[in-house]
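Engineer: Residues per chain are reported as follows:
There are 4 protein chains.
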Amino acid sequence: MSGSIFGKNLRVSTWGESHGKAVGAVIDGCPAGLSIDEDYIQSFLDRRKPGQSKFTTARNEDDKVMIMSGVFEGKTTGTPISLLVFNTDHRSADYGNVKDTFRPGHADYTFDEKYGFRDYRGGGRSSGRETIGRVAAGAVAAKLLSEFGVSFTTYVDMIGNIKVNETKLDKAFINENPLYMPDKDAYEKASDYLSKLSASGDSSGSSVKCIVSGVMTGLGDPVFDKLDARLAYGIMSIGAVKAVEIGDGTAVVNSTGSGNNDAFIVSEGRISKETNHSGGTLGGISDGDSLIIRASFKPTPSIYSSQKTVTKDGNETVLAIKGRHDPVIGPRAAVVVESMTALVIADLLLGNASSTLGNLKKIYL
Amino acid sequence: MSGSIFGKNLRVSTWGESHGKAVGAVIDGCPAGLSIDEDYIQSFLDRRKPGQSKFTTARNEDDKVMIMSGVFEGKTTGTPISLLVFNTDHRSADYGNVKDTFRPGHADYTFDEKYGFRDYRGGGRSSGRETIGRVAAGAVAAKLLSEFGVSFTTYVDMIGNIKVNETKLDKAFINENPLYMPDKDAYEKASDYLSKLSASGDSSGSSVKCIVSGVMTGLGDPVFDKLDARLAYGIMSIGAVKAVEIGDGTAVVNSTGSGNNDAFIVSEGRISKETNHSGGTLGGISDGDSLIIRASFKPTPSIYSSQKTVTKDGNETVLAIKGRHDPVIGPRAAVVVESMTALVIADLLLGNASSTLGNLKKIYL
Amino acid sequence: MSGSIFGKNLRVSTWGESHGKAVGAVIDGCPAGLSIDEDYIQSFLDRRKPGQSKFTTARNEDDKVMIMSGVFEGKTTGTPISLLVFNTDHRSADYGNVKDTFRPGHADYTFDEKYGFRDYRGGGRSSGRETIGRVAAGAVAAKLLSEFGVSFTTYVDMIGNIKVNETKLDKAFINENPLYMPDKDAYEKASDYLSKLSASGDSSGSSVKCIVSGVMTGLGDPVFDKLDARLAYGIMSIGAVKAVEIGDGTAVVNSTGSGNNDAFIVSEGRISKETNHSGGTLGGISDGDSLIIRASFKPTPSIYSSQKTVTKDGNETVLAIKGRHDPVIGPRAAVVVESMTALVIADLLLGNASSTLGNLKKIYL
Amino acid sequence: MSGSIFGKNLRVSTWGESHGKAVGAVIDGCPAGLSIDEDYIQSFLDRRKPGQSKFTTARNEDDKVMIMSGVFEGKTTGTPISLLVFNTDHRSADYGNVKDTFRPGHADYTFDEKYGFRDYRGGGRSSGRETIGRVAAGAVAAKLLSEFGVSFTTYVDMIGNIKVNETKLDKAFINENPLYMPDKDAYEKASDYLSKLSASGDSSGSSVKCIVSGVMTGLGDPVFDKLDARLAYGIMSIGAVKAVEIGDGTAVVNSTGSGNNDAFIVSEGRISKETNHSGGTLGGISDGDSLIIRASFKPTPSIYSSQKTVTKDGNETVLAIKGRHDPVIGPRAAVVVESMTALVIADLLLGNASSTLGNLKKIYL
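The listed protein sequences correspond, in order, to chains A, B, C and D. So the number in the working numbering is just where the residue sits in the first sequence, counting from 1, plus 307. So the number in the working numbering is just where the residue sits in the second sequence, counting from 1, plus 307. So the number in the working numbering is just where the residue sits in the third sequence, counting from 1, plus 307. So the number in the working numbering is just where the residue sits in the fourth sequence, counting from 1, plus 307.
For the record, the hints were derived by calculation from the structure and aren't laboratory data. There are no misleading hints in this set.
Identical copies carry no separate label here, and so any pair may be met within one copy or between two of them.
As a list, the in silico DMTMM-like pairs of lysine to aspartate or glutamate whose alpha-carbon atoms are at most 20 Å apart: (1) K328 / D346; (2) K615 / E575; (3) K491 / D477; (4) K619 / E581; (5) K669 / D419; (6) K406 / D419; (7) K669 / E454; (8) K328 / D370; (9) K615 / E581; (10) K382 / D419; (11) K450 / D353; (12) K619 / E380; (13) K328 / D344; (14) K450 / E345; (15) K328 / E380; (16) K406 / E380; (17) K450 / D346; (18) K382 / D346.
My request is simple: use the sequences and hints to build the entire structure.
Structural biologist: Okay, structure coming up:
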């Protein structure tokens, strides 16, 4: 069954394995007339680029994106936009030891169970390189959304038990540190923590928060394609995500109706909410407030310390994973969360254009 | 844009408003030859039925399901199964006061913003009655899964800060208490807590855990239609859900690779995992272990104490909601979580049938 | 696999068998704010109603449609519109003789091969009654299109070798004769022809032409969801249709480029075409001219004269079909062709709303 | 709205313009374990290759396909198969004169109307080069089908009024003549006819017949996704197709029930049909007989003789199209028809795997 296509109106089809010729994405349904170029898309890809600090893998990947179709004289034509990134560093040698052994926490075992065999080179399709397609496409979606005043603030809000101080976010700092944290203190503590874990051959969990400003009301299609449902779908589809929260998330369990309900008020002549426990969505439809999304990433499963596991032939063994691996997933995944969020919102924005007869009359009459 | 159809292979289309003539679901794509009857479906619907205790609304709803098509001589025919439940108690009087005022925490405002107006009677399409369609369809999916040894244990695991003791679950007790908790102590504490909240016109948050046993390996379609992604999609689409967790969920953030990775072992001649932090899915594909899903529900937004809000005309006002409302959502929603889970798994089970040439040869050659 | 849902933006899910409790349709994605009522939908259903003349079956079917959801105070709410028609005449007795024997030209054999068994009462899901769902939904689509000036002229253009004179169509006459032909002469000849065939226990083929006026330019989504492709899809899905033609149809084979190309001209200040060989679509996108669609229907397969066939057990036998059957399909199917056409156009109209950044800006900025 | 993705289970996403960097297709959902290589796919592409005779354009296009992903050690992995063909001959000079003028019979006008502008180089996305993606993907589908004994015979059956003699098809001759006709006499007459038309700057219509042998019973999903409906959808989506016929096609109009019904018989111990007027499908489900599909192609719209038309600015003008163009579309389009047919059948074959509980038990129990 097809599983590599995402979206209903703006459809993204991604392809490619870690050590194949290339990875890519095809975006179908992007409205015509949007200005876009390779530099813009590259700026998103650079945020997930490895080799930028001691906390990211040292593989030398250029990850230069090429627009292969769908853009003419700087504007989208309304036809499919094909984006392609060649794999320049695909020596398979490092991965030989995992050919016949299932790495704990990885998809080796389940791919073999599902498909009968797998492209074992560097994780193949289940490699983090798969997210290049998501990010390239997400950049186009984000560009489209920027035309309507929608903007993103995305950062790592927790690594291990080190949490950023949400009351004094330093947004400028986010892109100035390799952990994409908006808080210098938290960054330094997390940096120390990761160094220690790395030294012991271990890794850490982390979480990413994405705040979307400027979202118009009305996006999301009850009952199944609620805004929050589509966000959960898109974000939980990112490898290593184990929880998706909207607004107050799991904290609602220990809340009360009087504490959790956001009072409606009139502010600057417009209806708005006094608080934003809802995280910008009511009944699955955007309420005009900022969207607040949080994704919890499990620790990097590739660790250097030896682990008990089983071979393809069903024999128990001990595995020590070689190669270079990030000791934490969140920092490089932040832009992936933002990209999936942008894809979901753009998709719903397109679909919502036909939600009322009034909207259609604005276009056709 | 269409938003009331769920699934890719097993497609469920639900319809109906709280105070309309009826609510229903149409299931398209159910394999032919499955034994099913109204009693079986009714047993699922009865679990979401109100009027069973002081913690559920006293509306007198019979909610008797009728199979309108797609079943012949006790078996599914492979054609659409139409399920219908008439609304028997749809006096609109109680809801008059919310016609022109936006209830905090409800979808009144966003429906008006999206569609221009709304069926204000009892929440209309955003009412909890909408879940009847989900549960009726979910019952069919659960029946299908039972043919393959898949079974469900679903319960309320937390109300406010009262958490069930997961180390000694009393499964038999789940259906013997109106809060669907598997732990008598927790039930009694939660019961007291809810009584106090009710008395003060307030409500509580809660969470539901769903454990699925007997899931075969191989379900889920990377990269976007991962098992966990589809589960998150389905469960976050349930009204009032603010977080979806798989396996260890948000706890992975403060974990390490060595602590979170599940070692593979050989047990009784089969490959399995020593622990189940993953919650039964690796790389988005079922790993043969139990699926563990947790949904966090916000407190019931309908509370009796008065709340600040705004009228349709943009005037601030104070609203006191009348009528009867549950002080907590989880207990009646447990079966909804189970139903959406069943729909997702059944959908992926159908799609996975064509995942390998070998599978197809078993059928066609 | 699900096969009873049609459309991408405006999704119609139909259900029901000939002799089950009811047949119905659920329309998801209809824009909010459209005025619609049961009478309007009924006027479409009445056009496919049997029992109106000697050329249609005498089964006493009221086929009264009920709107079960999605319409509030006379307007669509943007949520699913459930339409239901109870089956009032479902004695199964007449159909007993086809329980174990495959009727030639019918779906008995293939349903058994696909699903292992079938609801044999009156054709079950493959009965012409299935089209009630299409027509009820099509009426809503046609109502939506009427808001934008789109209108339909649909008639039987050929029965046997009797062809209507296209140069002098009498549109008013279409609804005044039971064969829905726009030409009194042709009607009378066809009427005689059918009487003779009926008398000999035989039936005739026919074709239906649907002309759609007022279609705006720009509908249809290359390369696969071209306007003509979606029309072919929708119309070939009607039982007994064996050919779909757009514009000049099969006649293009014996044409030349100079004869078939429609010259562009300026007329009344607007760009239009001098001729309309294209049938209103160029490159799969509506060109502003009238859409011209033609569907060829095979002769009614239920005939009274005896036929060679085979039983379920694989024994050759001779079958004489009893009951009442129309000697020609086109007349009652004309409204089905119109309905499917309306559904396709409305679906593409909704989707096209997001085809350009300019369109979206009209809505959101 | 997205329009470049085809299929439900086996999803093909095509991209690319005539004079862009490349054209390509991504196939998602192909079962794992299928042997495939570039040579096999190339053999399909070579059949649509220009420059092979005086009747095809002399553009020097190598059209070498590259498999970019989804195949490992010669077998499909179950993940997306990305196929890419670089455009090697994309000088834009020849097409300058059509930048501001709408070519009759082309999509220039409608693309401008829909998207606001277009990539005018060589037809852009509406160029025949778009079919490379279809054919590359279709080759994979055909390879899959060959595993189940399904095979194709596809030929041009009519050019102008020259029709091949269906009673004595010379299948071997099909690939030995540049018009892909199975009849030497017809080929020679058609060849003469085309030479004369070419000389006068004109072009001819044509039709393609595709016969599929070895199709198992049971493919096709009533009521909307009937086998014939999906075929009509896929084939009418090919540029220049104006009619799709199944079995006897338009000839059924002048037939009778007794003449058109195919009697069931028992032959070699199996149920089959005495005749095949149905073209291999009953009730939208394959009946085990050969599928017979016919597509009518309009004459090549690019002709050398001058034509009346209008400029983008709305001024009438006269256009003489330069460059090289085939005088007939059918011969190079035959493999496109076959490819779309293969994609449809493979898609339905995958979906049908879950049509019965029995099928699923063969896989999972």
